[in-house]
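A.B. asks: Sequential numbering of the sequence shown, starting at 0, is according to numbering that gives the first Met the number 0.
It cannot be assumed that every hint is accurate.
[Said to hold, decoys possible] BS3-like cross-link-like pairs, simulated, lysine-lysine; straight-line CA separation at most 30 Å:
(1) Lys99 <-> Lys1
(2) Lys156 <-> Lys208
(3) Lys172 <-> Lys188
(4) Lys208 <-> Lys172
(5) Lys1 <-> Lys71
(6) Lys71 <-> Lys112
(7) Lys156 <-> Lys1
(8) Lys132 <-> Lys188
(9) Lys188 <-> Lys208
(10) Lys172 <-> Lys132
(11) Lys208 <-> Lys112
(12) Lys156 <-> Lys188
(13) Lys112 <-> Lys1
(14) Lys25 <-> Lys99
(15) Lys1 <-> Lys25
(16) Lys208 <-> Lys1
(17) Lys156 <-> Lys172
It is worth saying that the hints were derived from the structure and are not from the lab. These numbers were taken from a predicted model, which means no experiment stands behind them.
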Amino acid sequence: MKTIRCIAIDDEPMALLVIEQFCRRKGGLSLETFSEPHVGLETIRRTRPELVFLDIRMNGMDGLEVAQALPKGCCLIFTTAYAQYALDGFDLDAVDFLHKPFAYERFVRAVDKALRRIEARAKSDRTETVTLKQEYNNVVIPVNEILYLEAMENYTKVHRRNGRYILSRNSLKRTAELLPADQFLRVHKSYVVALSQVAEYSHVQLRLKESSVIIPIGRTYVDVFLQRIRKNDEAPAEAPSSGKVN
Numbered sequence: 000m001k002t003i004r005c006i007a008i009d010d011e012p013m014a015l016l017v018i019e020q021f022c023r024r025k026g027g028l029s030l031e032t033f034s035e036p037h038v039g040l041e042t043i044r045r046t047r048p049e050l051v052f053l054d055i056r057m058n059g060m061d062g063l064e065v066a067q068a069l070p071k072g073c074c075l076i077f078t079t080a081y082a083q084y085a086l087d088g089f090d091l092d093a094v095d096f097l098h099k100p101f102a103y104e105r106f107v108r109a110v111d112k113a114l115r116r117i118e119a120r121a122k123s124d125r126t127e128t129v130t131l132k133q134e135y136n137n138v139v140i141p142v143n144e145i146l147y148l149e150a151m152e153n154y155t156k157v158h159r160r161n162g163r164y165i166l167s168r169n170s171l172k173r174t175a176e177l178l179p180a181d182q183f184l185r186v187h188k189s190y191v192v193a194l195s196q197v198a199e200y201s202h203v204q205l206r207l208k209e210s211s212v213i214i215p216i217g218r219t220y221v222d223v224f225l226q227r228i229r230k231n232d233e234a235p236a237e238a239p240s241s242g243k244v245n
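Construct the complete structure from the given sequences, taking the supplied hints into account.
C.D. replies: Structure below.
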């Protein structure tokens, strides 16, 4: 069973403790907790968790503001003592609204609802395919399985999300031309990446989800990369200007 990555933001330590205990009791949930909304939001943008538990009335930043700034694709469950915010929460496409104090059984119902939405989104992923020319045959793979392309002289190593790769006889330029331009971008003379898979980035390098590989960003490509990655709220948070990606 896949572990679902979760983040909880609440300025009340006891509220975070309850969520932590409930997540541990249910199982299959990996949780990080934050008492400062700004720090929590930055981490969400950087790590892209599947599920977010969010209080509404907090010091420093209102939970509704945080919700509006969340990257697309995060399932959201509001946790608050103020029932009057329920309609506002659902207007922001929240999966559920937990009114404090809530019981474990109610928590489980909300999480199960979120898990169903996460599963439905995964099934609705685009199934567009691409045909890659190998040494002796052609292979067809789904576009959404491609993590990044790496130039290997006159060949291209096509890295997949499952950790495997395909060695294509086409050049990097030719292979990139086979892929949807709105989903893939050249970031270096030797690399093309799937933008939806960027987890962290700076002006000089990036890290992709499901991978510990650090990919350099060439100076001639950085401006276009930053424009594309910041185009909307789906962009992950920028790493420190030192260029280090943790």
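A.B. asks: So if I understand the rule, the pair passes when the alpha-carbon distance is 30 Å or less; does Lys99 with Lys1 pass?
C.D. replies: 28 Å, holds
A.B. asks: For Lys208 and Lys112, compute the direct alpha-carbon distance and say whether it is at most 30 Å.
C.D. replies: 25 Å, holds
A.B. asks: For the pair supplied as a hint, Lys71 and Lys112, is the alpha-carbon distance within the 30 Å limit?
C.D. replies: 18 Å, holds
A.B. asks: What's the verdict on Lys25 and Lys99, does the C-alpha distance respect the 30 Å limit or exceed it?
C.D. replies: OK: Lys25 and Lys99 at ~19 Å, within 30 Å.
A.B. asks: Mind checking the alpha carbons of Lys156 and Lys172 for me, to see if they're no more than 30 Å apart?
C.D. replies: Status holds; Cα separation ~12 Å.
A.B. asks: Sort out whether Lys71 lies within 30 Å of Lys1, counting only the CA atoms.
C.D. replies: Given that 30 Å is the threshold and the Cα spacing comes to 21 Å, the pair holds.
A.B. asks: Could you grab the alpha-carbon distance between Lys172 and Lys132 and see if it respects the 30 Å cut-off?
C.D. replies: 14 Å, holds
A.B. asks: Within 30 Å, alpha carbon to alpha carbon, are Lys156 and Lys1?
C.D. replies: 28 Å, holds
A.B. asks: Does the structure keep Lys208 and Lys1 at a Cα separation of 30 Å or less?
C.D. replies: Judged against 30 Å, a Cα distance of about 15 Å means the pair holds.
A.B. asks: Are the Cα atoms of Lys156 and Lys188 separated by 30 Å or less?
C.D. replies: 14 Å, holds
A.B. asks: Can the restraint linking Lys132 and Lys188 be considered satisfied, given a maximum Cα separation of 30 Å?
C.D. replies: Distance of about 21 Å is within 30 Å: holds.
A.B. asks: Hint check: Lys156 vs Lys208, CA-CA at most 30 Å. Holds or violated?
C.D. replies: The hint holds at about 18 Å.
Violated hints for the displayed structure: none, as all numbered hints are satisfied.
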